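Novice: If you read the sequences in order, they're chains A and B. Mapping of the first sequence onto the numbering used here: residues 1 to 167, in sequence order. Mapping of the second sequence onto the numbering used here: residues 1001 to 1516, in sequence order.
Watch out, some of these pointers could steer you wrong.
[Stated by the list, open to error] Simulated pairs of lysine-lysine, DSSO-like, Cα-Cα distance not exceeding 30 Å:
| no. | chain 1 | residue 1 | chain 2 | residue 2 |
| --- | --- | --- | --- | --- |
| 1 | B | K1234 | A | K76 |
| 2 | A | K72 | B | K1235 |
| 3 | B | K1097 | A | K76 |
| 4 | A | K72 | A | K58 |
| 5 | B | K1279 | A | K62 |
| 6 | B | K1097 | A | K28 |
| 7 | A | K45 | B | K1158 |
| 8 | A | K72 | B | K1279 |
| 9 | B | K1158 | A | K22 |
| 10 | A | K62 | B | K1434 |
| 11 | A | K133 | B | K1434 |
| 12 | B | K1097 | A | K23 |
| 13 | B | K1158 | A | K75 |
| 14 | B | K1158 | A | K28 |
| 15 | A | K58 | B | K1235 |
| 16 | B | K1434 | A | K45 |
| 17 | A | K45 | A | K28 |
| 18 | B | K1234 | A | K73 |
Source of the hints: derived by calculation from the structure; they are not laboratory data. On a predicted model such as this, the values are computed, not experimentally measured, just so you know.
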Amino acid sequence: MKTRYFLLAVLITFTAFGFADKKAKNFKLPDLQNQQVELDDLLQKGPVVLDFWATWCKPCIKAFPEFEQLYKKYKKQGLTVVGINTDGPRNRAKIKPFVNSFDISFPILIDLNNDVMRQFRVFALPTTLLIAKNGEIISTHAGYSASKLKELDEKLAELLQNADTHK
Amino acid sequence: MFFCITISAHQSANAQPSVNTLSTVRQGKRFQSFQKEDRQLSFYSDVHAEYQADYLLFGARAQGFNAPGLRDLGAPLQERYAHFSQLYAEVRWDWGKARIGNYYEIFGKGILLRGFELPGFIYEGLISRNQKRIIQDFSGQLLVLQPGAWTIKLLNAKPVDPLQQPDNRIVERYVGRLSGVEVDVALPAGVSLGGAYLEHRNEVADPFDVSLSIKRQAAYATRFMQWNAWDVLKKTGIENASAEFYMEYATRQGADQFGNLGADVPHGFYSSGNFTYGKLGLSLEYKDYNDFNLIFNDPPPGIRESSEFLLNRATHTLEAESETGYQIEAFYAPGRQTRIVANYSLARNFFDFGIRQLFQERYLAFEFRGNLWSSQFFIDSGQDTQVGELERITGGMLTSYHLERGTTLALDLQMQGIQPEFGRYFRNQYLSLKVQDIRSFSFAFSIERTQDPDVLNEAEKSADYLLSATVGWQPSFRHNLQLFAGKRRSGTYCDHGFCVEVLDFEGIELRMETRL
């Protein structure tokens, strides 16, 4: 009985704050060439789009060309699109040839034991996060959605326009 | 104590609390069970709270389950539980972290040690019939140091058996105690070297006198090497190409000679490589596992993980007790919008009393991705003597079309024919229609026609139809609701690289996810 009361107390305490992740926590992951990449370093250049994906995830594949378009469109304005692979050790060997068969130029990072996936509380694939240059998480979406990717494009345009205005 | 620390940490300007919940309410029954069942009402909830303040992290996770009707079914375990399954605190700094309580960790590629969870998946036990998350974690202390090119991991923990329910009063969830260290270093020319040592101490009941226990101790070691040959290829003038290799060899100490892959020596050997040239890519994997099912590990199975509905459950689950095999997968993109994938996987098992099993699979897929249309056609043929399938052929088409305003229509059509070792040839057919993204809603309808004798309980039936409908609502990232109504069959289910046996279900299920 004590456990139940304690559980309830924890839940109420946390819920009462009415919060969500506002600042993205930093992480460090290896890319396909085994070079360590840090989120904080990417954010120095500009906003970052994180795309959590896996090789077996069909909707993730659908979203690849659209992320590539976004990357090409806003790269010069400082945007980095990062594909975070969450396959785990099972499909690690396939990632490079898999990515190579798509027309992708944005960086792919390997989250071998899903630590970053848990850090950003990702339950479903693909999950997309837009992080502003100051580290604030602007939007998050789970699942493939053409309309949400359109919204992402609009938010990015607004974000980068505001950044230019404040320069 | 934990609570006091949490609240005081809230004073920090960068403090970020978060809560994830995953809950289900079910009203239904098993329909494949030999024992006739009445519909049961069950509730499951997983609450995971975290509190991040600068470099500190605190977390707690509780799981609860209640199914009052389980007692009537004679299920041997509790029909209800509420249990703290995780409690942890972590401090991070630029070149490392220290953690006490529950955590996940991996040594090498997981042949020796891996802690993980299956995100978003709720498992129902075949015997216990209660629900829980699949969480294979460690409870104890962890120190990770990353000075420069080095990574050093030190751990001391109790490993948990992920298939045991939380709050299990009959079987101990924690399986002994582990102490281990892993060291790896990144060297020039794309080479990384590493090794790990692990001791496992456990007490098991004496088979002749259950009041007594037998102390067991085993030591394990692994060594691994990775070589990224991109730079070397570039220097030799081969542009537009890449190559990467990995090799790991794990053994139980004292029972082997280094490099001995004999059938009587406990070991885990895994090697992989991949090559790309232009739009052509190839991956190769080889495995040889013997007596290496350690509960706290998760070796790469070297079998294709399929998301196609009928193939997902027709896969092979690794038997690290004794398995050898290999996998080859090729990718080729003849155009910007097209892709061809081909795979061959093979696994051989050698069990006691000379029992041998063989699994092999050949897979070929063609994909097209247009601006509005995208389609995939696949064909797969396989053999799995472990489940008595001499020949299995599966084919299908998955296609989707984007409407204006972002709505997507998806059609999934698959067919499968199986020749069992004993019994008649039978077929499975699957059709699914989905409408995604109508504002924040999605709708799916699926029907499976099956002649599988495992599903057909009544001998006079020649086929059974499993119908289901799902409505999803995601008003924001914070909330996701799914309502399922209908039937789904039992079988192997694979997700995020891990395969489990799921039970059949007929009824209504409401699933709710929240991120606060």
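Novice: Starting from A:K133, check that the Cα of B:K1434 is at most 30 Å away, please.
Specialist: Distance of about 37 Å is beyond 30 Å: violated.
Novice: Compare the distance between the alpha carbons of B:K1234 and A:K76 with 30 Å, and conclude whether the hinted pair is satisfied.
Specialist: holds (27 Å)
Novice: Mind checking the alpha carbons of B:K1097 and A:K23 for me, to see if they're no more than 30 Å apart?
Specialist: holds (20 Å)
Novice: Taken at face value, is the distance from the CA of A:K75 to the CA of B:K1158 at most 30 Å?
Specialist: violated (47 Å)
Novice: Decide if the proposed pair is consistent with the structure: A:K45 and A:K28, CA atoms, cutoff 30 Å inclusive.
Specialist: Holds, at about 16 Å.
Novice: Is the Cα-Cα distance between B:K1097 and A:K28 30 Å or less?
Specialist: Satisfied, since the Cα-Cα distance of roughly 13 Å is no more than 30 Å.
Novice: Has the given pair, B:K1158 with A:K28, been kept, meaning a C-alpha gap of at most 30 Å?
Specialist: This hinted pair holds, its Cα atoms lying about 27 Å apart.
Novice: Given the hint that A:K62 pairs with B:K1434, does the C-alpha gap stay at or below 30 Å?
Specialist: Holds: A:K62 and B:K1434 sit about 15 Å apart, inside 30 Å.
Novice: Need the status of pair B:K1434, A:K45: alpha-carbon distance at most 30 Å?
Specialist: violated (40 Å)
Novice: Between the alpha carbons of A:K45 and B:K1158, is the straight-line distance 30 Å or under?
Specialist: violated (43 Å)
Novice: Is the straight-line distance between the alpha-carbon of B:K1097 and that of A:K76 30 Å or less?
Specialist: Between B:K1097 and A:K76 the Cα gap is close to 35 Å, so the pair fails against 30 Å, i.e. violated.
Novice: Taking 30 Å as the top limit, are the C-alpha atoms of A:K58 and B:K1235 close enough?
Specialist: violated (36 Å)
Of the numbered hints listed earlier, those contradicted by the structure are 3, 7, 9, 11, 13, 15, 16.
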